[in-house]
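J.: Residues per chain, in single letters:
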Amino acid sequence: MIQLKVNGVRRSFDGDPEMPLMWYLRDGLGLTGTKFGCGIGVCGSCVVHQNGAAVRACMTPVKAAAGAEIVTIEALGSGFDSALHPVQKAWMAHNVPQCGYCQAGQIMQAAALLKSKPHPTDADIDQGMAGNICRCGTYQRIRAAIKAAAGEAV
Amino acid sequence: MNRIENVSRRGFLHGVLSTGAFVLGAQFVPEALYGSSPEDGAASLTSGGPAGDPVGATAFHPNVFVGLEPDGTVVIVAHRSEMGTGSRTSLPRIVADEMEADWSRVRIVQATGDAKYGDQDTDGSHSVRSFFDAMREHGATARTMLVEAAALQWNVPVGECEASPRPHVITHVPTGRTVGYGELAAAAARLPVPPKESLRFKPRSEWRYIGKDAAIFDLEDICTGKAGYGMDAHLDGMLYASIEHPPVLGGKVASLNASDALKVAGVRQTVAIDPFKPPHAFQPLGGVAVIADNTWAALQGRQKLKITWDEGANASFNSDAYRRELEQTVRQPCKVAWNVGDVDAEFARSAKTIEAGYYVPLLAHASMEPPVAVADFRDGHVEAWAPVQDPQSVQETVGKVLGIPKENVVCHVTLLGGGFGRKSKPDFVAEAAVLSKKTGKPVKVVWTREDDIQFDYYHTVAATYMKAALGANGMPTAWLQRSAFPPIGSSFELNNTYGSGGELGMGWTDTPFAIANFRAENGPAEAHVRIGWLRSVANIYHAFAVQSFAAELAHAAGRDPLDYLLALVGPDRVIDKKDLGAGYENMGADYKDYPVDTARIKRVAQLAAEQAGWGNRNLGSGQGMGVAVHRSFLTYVATVVQVEIDHQGKVQIGRVDTAVDAGTIVNPDSVRNQFEGAAVFSTSLAKYGEITATNGAIKQHNFQDYPMCRIHEAPREIHVHIVENDAPPAGVGEPGVPPFAPALCNAIFAATGKRVRELPLTRSGLV
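Each protein sequence line maps, in turn, to chains A and E.
Note that the working numbering has the first sequence beginning at 1, numbered continuously upward.
Note that the working numbering has the second sequence beginning at 1, numbered continuously upward.
Be careful, since some hints might not be right.
Claimed, not checked - Quick look at which bits of chain E chain A covers, simulated, 3 or more residues with Cβ under 8 angstroms:
1. 84 to 94
2. 273 to 285
3. 359 to 371
4. 404 to 418
5. 696 to 704
Said to hold, decoys possible - Below are the BS3-like pairs computed for lysine-lysine, each with C-alpha atoms no more than 25 angstroms apart in a straight line:
6. E:K252 with E:K226
7. A:K5 with E:K754
8. E:K263 with A:K63
9. E:K754 with E:K467
10. E:K252 with E:K306
11. E:K754 with E:K304
12. A:K63 with E:K304
13. A:K115 with E:K226
To be verified - To list a few chain A residues with every Cβ distance to chain E over 10 angstroms, as calculated:
14. G8
15. V9
16. S12
17. D27
18. T32
19. Q50
20. G52
21. T72
22. G79
23. D81
24. M92
25. G100
26. S116
27. T121
28. A130
Hints in this document: simulated from the structure, not taken from any laboratory.
Here a beta-carbon is modelled for each residue, glycine too, at the ideal position from N, C-alpha and C.
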């Protein structure tokens, strides 16, 4: 039995400990905001926060999240006014999404980036976001939204 | 579109709208795009009658709806699929504008697949174009009836009542009193529908939403993880399936040992799926499905399957050899698709001829959401939830594959995590339906990224050959272009090897150059993989060849590429349809409404160049600028790309300027987003896009060997310049793609003197 906390709720998992956290979140807990995109950790659609750091949930076996605090897109805004994280607000102000499928991962990655670099340079954004693919090609708006959210995110 | 009717009492949208709601509907009969009308179209013409009548001839089926709840909520049905192009927002905005509705009080509901909606195939960049007038008519009708209802309620002349300037209320102008829309719903529901001829449409100057930036309807849901995609569909008690497909198209299972797979915890069973009967069309590919309690168990079980395959004839397909065949084909005379004058005579007498061959490989769609579907088969009926561009095609395909009437198939359309043409082919939904029938449970079929890359309906591989004779002034006196590519038709018809009129009409038989002798030809090519349409389709390889070759001729003539391109297009004129290739389809649009207008072509080229600082910007060594212009989906687009070659000889894309003339624009911000995205999509295509096969099996697997452009390598600045005009609306989802790759390669030539004639750039050492 693996114990972990997901979006503030204690969970016990008794399935295959090798199961990627992504499938546990999606199939097990119904937290479908975390998306399946590649399954090999190269597209970033499945980014969640583990103890505050961005991780690829498709490459994180549940056993590696034992005892951890996991936050998914569904709870990113918890604790903020209007229940939206500043990154989410900036994403909305810039009309970033097209199809939107990758955007939860982009937002989770950007929130983690801003936590470590509150005022990222273009190079910081390049480096921090290069693991997240957007097939619709919204990178220009992602960059602008991150800059807009800089300084407000915690 | 046939006449709009008041269907408030007829129970349409039962469960969506309350019984007191005011509802308008109409049967939309698709115009030229797909030719024929639905069978019940004629019946609906005669099904009119006083409002509220139960209407004996119940053949009337509304398909474009606007409903008004007594609480003032306006409900608009989206019958097109949302895959990121914004049509789920743009079309309702048109209704709301004419209706003078308050956008914040609009709710959008997604239509299921049903022939009563007319064409639902969200493809070909025509959602706004085809439905702009219908949406306005619905909005104007509703507004007119609400004005009338208010006048009756106040017992004042209709002419004293207005629906503006405040939205969502009717004002009695002489007294200033107002009444809210919701309060008028019941009264409006009892009124007859005014004839279309009596409607007053708002002048452009009064448009409230059309032409104004707007956030997409699902924005907050997307940003908070609440938006529902196909991948998120869930039914209680459903099982999860992952399918091992035959690695070669047309292959069959020779032997199967599933014993290890069945030992995986959570795996319930394996199910064989029959191979398709050629032509494959949208049938499942066949193979072996592993059925499990969750996706992970299904994937684990699948890895433990031991299958040997009978691979069949397509195992002979090798991309390198195939390329040589295509290139040989276009070096020989091919079938003439369009001819003007006498190219051969001019070549014979000309002192200077130039020739070049170009090549664009197979491409995969790779939408971020891989194909996925949930289906529930019960008692000869199927209910499916899927991210599909064409839910009616789900009905047809599932019906055919299971041998049930298509009417017994209900397809709920989720949001699409990208589509790009892939998701109008519903093979994966048919797989879920087959597996649900075989297991007796609802089944969710999840394709992995590897499945998506290896079993796509690929954008076709194309070789082209170009030849021109140059006159004394450096301009061509003759131009020959030949293409060969396995056509989309090969997916639907055996031995179909030539490009269709539709494919050739995408930049091959409508090349808008003023050249006295011009011939476009097309040669045969057999398909060995499933061929389909991908964002901008045949325009990709046609524009690559034409716009690259134009720049090559400019260089040969010692002319500025932009000036030369404008001279090639020639004088301002509307090209006569008879001067385009025979049977030119013009995307199904009426040619008199959407002619090829060379002034608009030149305007976008000049605008993009001007904004990019063409000719004025001091470019350093290793820097260059390239231009290309292309009309597709009835929209005129020019792109200027600036590049720099770094010290390692790799190309860096700097600034991109794209000028767009798509006629009337509904949501400019959405349009900018589409063209920004097209530059990135095209960067992926140009830098990396290549699917290859060895012995019939696709060699690429996932994003590590079929890479996508990432943020650090995307164009540093993308500027989209929208030409404002009153022309009817044209496409915006696709036409940003075709000019990008040739503009990029023209920029590389300007920077290096090296002409790139094959994609992707990885083949030229530039990446």
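J.: Run the structure past the numbered hints and jot down the numbers of the failing ones, going up.
T.: Checked against the structure, the hints that fail are numbers 2, 6, 7, 11, 17, 18, 21, 24, 25 and 28, while the rest are satisfied.
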